[in-house]
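**Q** For the protein sequence lines, the chains are H and C, in the order given. For the first sequence, the numbering used here gives the first residue as 1, with consecutive numbering after it. For the second sequence, the numbering used here gives the first residue as 1, with consecutive numbering after it.
Calculated from the structure, these hints are not laboratory results. For glycine and all other residues, C-beta sits at the position ideal for the given N, C-alpha and C. Take these hints with a grain of salt, some might be off.
Claimed, not checked - Partial selection, computed: residues in chain C whose CB lies under 7 Å from chain H: (1) Ser63; (2) Thr80; (3) Leu82; (4) Thr89; (5) Thr91; (6) Val123.
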Amino acid sequence: MNSPRIAGAGVTQFGKHPERTGRDLFAEAGLEALDAAGVSPDDVEALHFGNFMGELTEHQGHQAPLMAEAVGLNVPATRFEAACASAGAGVREAVKTIRNGEADVLLVGGAERMTNVGTAAATDGLAIAADDLYEVRAGMTFPAAYGLMARSYFAEFGGSREDLAHVAVKNHEHALVNEHAQLRSEITVEDVLSAPPVADPLGLYDACPITDGAAAMVLVSEAYATEHGLDAPVSITGTGQGGDSLALQDRPDIATTPAAVDAAEEAYADAGIGAGDVDLAEVHDCFTIAEVLAIESLGLYEPGEGITAATDGETTRHGDTPINLSGGLKAKGHPVGATGVAQIATIAWVLDGTHPRADAVPDGTVGVAHNAGGTAASATVHVLEVDR
Amino acid sequence: MSDRARDGGYDDWLDAIEAGEPYYVECPEGHGWLPPRRVCPTCQSRELTTASLPDSGEITSFSTVYVATPQFEDDAPYVTTLASFGPVTITGILRGVDPETVELGDVVGISVEERTTTGDRLVVFRPR
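Could you build the full structure based on these sequences and the hints that come with them?
**A** Dropping the structure here:
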């Protein structure tokens, strides 16, 4: 199998940069990725660009050619939109294109500018990933949707707000050394439990922040990497994607995310691995409950058993399978259209030993990225492996 | 209220609730949905008919929303609720009850009321 290799990646500082345009954010990440890859810009054949709400926050559609130009490229450029899984969807198509032999070098990334419109408008913008007629017009917000899922999870499997708080505490601790992270502060379980409520049972510290940022990486074929002598030890060896009804009301069960289960099964089969082979994962913890749903969907825990993973320390950097060594969306930040590529960049850096949390898995060879759109009506999973 | 075009299927459904004749869309296998639907996503049947919505439903999940979008600013805090009416589950806002006392399984009826912030029509559940 021709597994695309990650030749280089770049990520901006995630955080509040209300004055920075999307094109400037992406130019920084894209140029950093090209420089890290050591690939001639003339060799880049196309851009896959993830973005969710650019029409709302920047009044800018048709963003992909703009972003290609921002990094100095005149290539076919296409925007991928799958809500928070936009970049994951772009990666998946890039993997398939390179495997098919239709391209040797692709730039894949995403960007989102969000804080310039304020919290209320950003909440409104994010809500359009839900069913407008039947959810948004009934007051649904994304915190509310995950609040509904959390309550259903507690009812079906048990668990408590305190268990969820441990997810937030863990991810904040992981982010302390991540210079790209938005929230680099240690928090306690008590801080999480006493934070203002957002959408019961979720409070402010159960939610990821609103973030501006961009991420990019250069994917190359094995043949190109060999021919050009690139130092690119990490490959994407498996890709999967699943889908589900958009509205929670149309799903038989909202205490699980079947789209992510399907994506994981497909990606693992593609890579020829099983859940037991996974050494670390970056998962889509837009809310604390979402990390629980993610690690269960990835098969790292049975349904109903992931809720205590952080409480018991199993998913911390000292645990058997560290989850979100970057700090996750919760502490690293969540520039929606960039998140899927930022997750993959983190795993690549951990596996090649250059991430500040790489010492958590010194012998790790397999990492998984889980990127979920909306309430996981879209989900992508990618398996990364490193040459040792 | 805006003067934008009606949303076919959806606005008709709200009209029916207001008229006291709420319905849902059903396939021969008994899978329930809300309109507009041309095919059952579960069994792919295109033989869809309308059926009367059961008079009451049961709360299957709820969340009290404190941080709202601008379109619901004056409604917050409000209780976004999923209620199961037999084969179909519906999203609405729960009114007429102290949010602290709501429990899964509580029985509710459906109505159309006004959104406080904008005056738009809103699916509302009230205790039965």
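**Q** Each of the hints needs a verdict: does it hold here or not?
**A** The hints, checked one at a time:
{"no.": "1", "hint": "Ser63", "result": "holds, 3 Å"}
{"no.": "2", "hint": "Thr80", "result": "holds, 5 Å"}
{"no.": "3", "hint": "Leu82", "result": "holds, 6 Å"}
{"no.": "4", "hint": "Thr89", "result": "holds, 4 Å"}
{"no.": "5", "hint": "Thr91", "result": "holds, 4 Å"}
{"no.": "6", "hint": "Val123", "result": "holds, 5 Å"}
When the structure is compared with the earlier hints, no violation turns up for any of them.
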